[in-house]
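Student: Chain by chain, the residues:
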Amino acid sequence: MRAVSEPRDGPQAGGRRGPGPSKFIYRLRRAWAKPLTRNAVLVYLPLGALAVAGWRVVADDAMRGQIEAYVAALAERVAARPEFAVKGVVVTGGSAALNAEVKRTIGVIPGMSSLKLDVEELRLRIEALGAVKRATVQFDPQGILGVGVVERIPAALYRRPDGTLVLLDDGGVEIGPAGPRADHPSLPVLLGEGAAARVPEALELIAAASDILPRLRALVRVGERRWDFVLDRGMVIKLPQHGAVEALSRVMALHYGDELLDRGVAVVDMRVPERPALQMTPEAAETYQIRKAVALLGGKDT
Amino acid sequence: MNFAELMPFRNMRARLHAAVKRGRLAVLDIGSSKITCLVLKLDPARLGDAGRSDRLGTSLFGAIEVVGARTVQSRGVRRGEIVDMDEVARAVRLALLNAEKMAAPKVDRVDQVIVSFSGGRPKSYSTTAEVETETGQITERDISNVLGACPEPPVGDGRQILHAQPVEVTVEGQGGITDPRGMTAERLAVAMHVLTVDSRPLANLVECIRQCDLDLAGVVAAPYASGIAALVEDEQRTGAVCIDMGGGATSLSVFLRDHLICVDQVRFGGDHVTSDIAAGLLMRSAAAERIKTLYGGVVPTGADDRDLIEAPRIGEEDVPNRRQISRGMLIGVIRPRLEETFRLLRQRLLELGVSDMPGCSLVLTGAACQMPGVDEMATRILGRRPRIGRPLRISGLPQSLSGPDYSTVVGLATYALRPHDELWDFDAPRPLSARGRATEMLRWLKTSW
Numbered sequence: 001m002r003a004v005s006e007p008r009d010g011p012q013a014g015g016r017r018g019p020g021p022s023k024f025i026y027r028l029r030r031a032w033a034k035p036l037t038r039n040a041v042l043v044y045l046p047l048g049a050l051a052v053a054g055w056r057v058v059a060d061d062a063m064r065g066q067i068e069a070y071v072a073a074l075a076e077r078v079a080a081r082p083e084f085a086v087k088g089v090v091v092t093g094g095s096a097a098l099n100a101e102v103k104r105t106i107g108v109i110p111g112m113s114s115l116k117l118d119v120e121e122l123r124l125r126i127e128a129l130g131a132v133k134r135a136t137v138q139f140d141p142q143g144i145l146g147v148g149v150v151e152r153i154p155a156a157l158y159r160r161p162d163g164t165l166v167l168l169d170d171g172g173v174e175i176g177p178a179g180p181r182a183d184h185p186s187l188p189v190l191l192g193e194g195a196a197a198r199v200p201e202a203l204e205l206i207a208a209a210s211d212i213l214p215r216l217r218a219l220v221r222v223g224e225r226r227w228d229f230v231l232d233r234g235m236v237i238k239l240p241q242h243g244a245v246e247a248l249s250r251v252m253a254l255h256y257g258d259e260l261l262d263r264g265v266a267v268v269d270m271r272v273p274e275r276p277a278l279q280m281t282p283e284a285a286e287t288y289q290i291r292k293a294v295a296l297l298g299g300k301d302t
Numbered sequence: 001m002n003f004a005e006l007m008p009f010r011n012m013r014a015r016l017h018a019a020v021k022r023g024r025l026a027v028l029d030i031g032s033s034k035i036t037c038l039v040l041k042l043d044p045a046r047l048g049d050a051g052r053s054d055r056l057g058t059s060l061f062g063a064i065e066v067v068g069a070r071t072v073q074s075r076g077v078r079r080g081e082i083v084d085m086d087e088v089a090r091a092v093r094l095a096l097l098n099a100e101k102m103a104a105p106k107v108d109r110v111d112q113v114i115v116s117f118s119g120g121r122p123k124s125y126s127t128t129a130e131v132e133t134e135t136g137q138i139t140e141r142d143i144s145n146v147l148g149a150c151p152e153p154p155v156g157d158g159r160q161i162l163h164a165q166p167v168e169v170t171v172e173g174q175g176g177i178t179d180p181r182g183m184t185a186e187r188l189a190v191a192m193h194v195l196t197v198d199s200r201p202l203a204n205l206v207e208c209i210r211q212c213d214l215d216l217a218g219v220v221a222a223p224y225a226s227g228i229a230a231l232v233e234d235e236q237r238t239g240a241v242c243i244d245m246g247g248g249a250t251s252l253s254v255f256l257r258d259h260l261i262c263v264d265q266v267r268f269g270g271d272h273v274t275s276d277i278a279a280g281l282l283m284r285s286a287a288a289e290r291i292k293t294l295y296g297g298v299v300p301t302g303a304d305d306r307d308l309i310e311a312p313r314i315g316e317e318d319v320p321n322r323r324q325i326s327r328g329m330l331i332g333v334i335r336p337r338l339e340e341t342f343r344l345l346r347q348r349l350l351e352l353g354v355s356d357m358p359g360c361s362l363v364l365t366g367a368a369c370q371m372p373g374v375d376e377m378a379t380r381i382l383g384r385r386p387r388i389g390r391p392l393r394i395s396g397l398p399q400s401l402s403g404p405d406y407s408t409v410v411g412l413a414t415y416a417l418r419p420h421d422e423l424w425d426f427d428a429p430r431p432l433s434a435r436g437r438a439t440e441m442l443r444w445l446k447t448s449w
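Taken in order, these protein sequences are the chains called U and G. For the first sequence, position 121 (counting from the first letter as 1) is numbered 121 according to the numbering used here, and the numbering increases by one without interruption. For the second sequence, position 424 (counting from the first letter as 1) is numbered 424 according to the numbering used here, and the numbering increases by one without interruption.
Source of the hints: derived by calculation from the structure; they are not laboratory data. The C-beta atom is built at its ideal place from N, Cα and C for all residues, glycine as well. Accuracy of the hints is not assured; some may be wrong.
What the hints assert, rightly or not - In silico DMTMM-like cross-links for lysine to aspartate or glutamate, where the CA-CA straight-line distance does not exceed 25 Å: (1) 116(U) - 101(U); (2) 292(U) - 259(U); (3) 101(G) - 65(G); (4) 34(U) - 152(G); (5) 34(U) - 111(G); (6) 103(U) - 162(U); (7) 34(U) - 43(G); (8) 23(U) - 111(G); (9) 34(G) - 375(G); (10) 34(U) - 207(G); (11) 23(U) - 87(G); (12) 23(U) - 207(G); (13) 103(U) - 120(U); (14) 23(U) - 86(G); (15) 23(U) - 108(G); (16) 34(U) - 65(G); (17) 34(G) - 276(G); (18) 116(U) - 83(U); (19) 34(U) - 215(G); (20) 23(U) - 215(G); (21) 103(U) - 83(U); (22) 34(G) - 271(G).
Stated by the list, open to error - Simulated restraints on C-beta separations: (23) 36(U) - 427(G): 33 to 43 Å; (24) 78(U) - 106(G): 47 to 57 Å; (25) 22(U) - 5(G): 31 to 41 Å; (26) 427(G) - 22(U): 42 to 52 Å; (27) 403(G) - 31(U): 28 to 38 Å; (28) 376(G) - 31(U): 45 to 55 Å.
Can you make the complete structure from the sequences, with help from the hints?
Tutor: The structure is reproduced here in structure tokens:
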């Protein structure tokens, strides 16, 4: 059938029609204008296909194993590239001995892949060293592993119950074993149970008694409660639990006024601050008795 | 009036409400020379609560926005009637797709469409009826009864109703009632304007829209649509004649007291002028259309004989020395056809009795009224100075679509906004027994005590 007025097959047969979309194109474009259709084709269909493909992979053990192996091999290949190799380790900030020790601790073989390097774990390992207070570990693009360490400065010695000496920093953290006492003449020695944990307190006391430091032999923690100041010649200053620094300052004031600590005193007992007591040495006590007797006899001391 | 035949119109109204609820609607003016499609974005909240309070819907113009517009050449339409359905459907598809493309970010896709119908020999009838109210107070039932009591006009064979609007409600002889519900009255009268058209071209139009997969949300007579767009509110109230000079036909619509009261058509339009030029000067119709729009005129002037226009004969479009004619000659071809058109219009207006209507303004719209001198000719023949009516501005309307030739399509857009008072917006009269049982019981109680 053909339209009544339509020309027979002539050159103009197709060209006579006006512009406009065909019915099929029109229906297609109107369907596309509907958000539901558009979303279905652009979002839900790809998502669905992806989900089906994903499920197929997850459900099939062999395929999953293959993919895992492939991914692992790929990761390995990438990690092995020379761009990722560690070219050297530079440790800065500590003493030479410490730097060497840190280097030993890191144990990175030059040439290993930096992708396998766990910088955070490395930092924690370095900070686990007693002598290291803080460490920064960074990997620069040139392939150099830079480690910056802040060293702990020894502030005191601690004599353990078994007799060995260890170094402590000003926070009371153990740095490491110390050699003989003579190696560290400037550091005070702490004794007694719980002394290591109270290093800041001990340092405060030492600062308050800075003038008698050459005579200081040790600080003894008594009963995990209070300090004893042990000076040479067996002289002991017993300090109270609370207000130890004030008590020590009073003792120092007495020393400055009356040279108390140069006299024959065995124990200065400040444990009860309201009632300080002195214990003389036996010799001093003897001298005192003689003097007293001479004074009683009205004689003059010679 | 017979309410039983109105089901298709009620369905169309339901589709229009659906479109308003969804907030998008397309309007389509299928004219003889161009097909224009507008995609509208509607604000359902504003349209919903305004209701029937506004007679002209002018406060609602802000609730629509034109988001897509496209005009394409119309092929396969003659005198407003479809002669090649495939071509028209193709052009409608092109216009709609392009308008939708322009509207794409704001509106997804439109399914409901209001279409204009400019052919079909429109004929107006007036019919009146008067009934006694049931309770002494006017209810919706009384309104249905009086509308049902209106005698059916002699529609004729092969013709059908396109518009049927109650234009005048009279309560006990008092006219100018806008809403009679609740008024106390013994007698209620109504005058109705019924517009009928040939049913065959209308069925073709409906089929064409169906072929484009669109839902028809309304068919509006093109003169009515041009009138509501080109006439301002006061003109519609005090009375005005809108002459829509289209390509295939020149139609007139008469408005009074906010209502369309009459439509008529003269089957001469701008295309006939073009074919006169083509036939009289032996030219291709495209060339004739070109010199008509560029140099055409109606009123001769002294300079016309010196203005030479290139008017190539058929077949000599590409040769160097083309024929040249004077502008006076062109005017001489154009003028008789337009004069004839206006004389026919004058005759129609005389027959309708509109000519002696006092205070009736005359508005020319449509593409053919843009020809210089048409208003002077109208003044001379119709005896009244016309105004060139541009469509009212609705938001988003492109500048290129705001000329007098786009009145119809803008009118279709505003038609969607107006409160609808066609016959099919009222309930059909029902016998008393069809009421609900509870209502019946209440009525009995009320009347007994």
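Student: Broken hints, numbered, in rising order?
Tutor: Numbers 4 and 6, in rising order.
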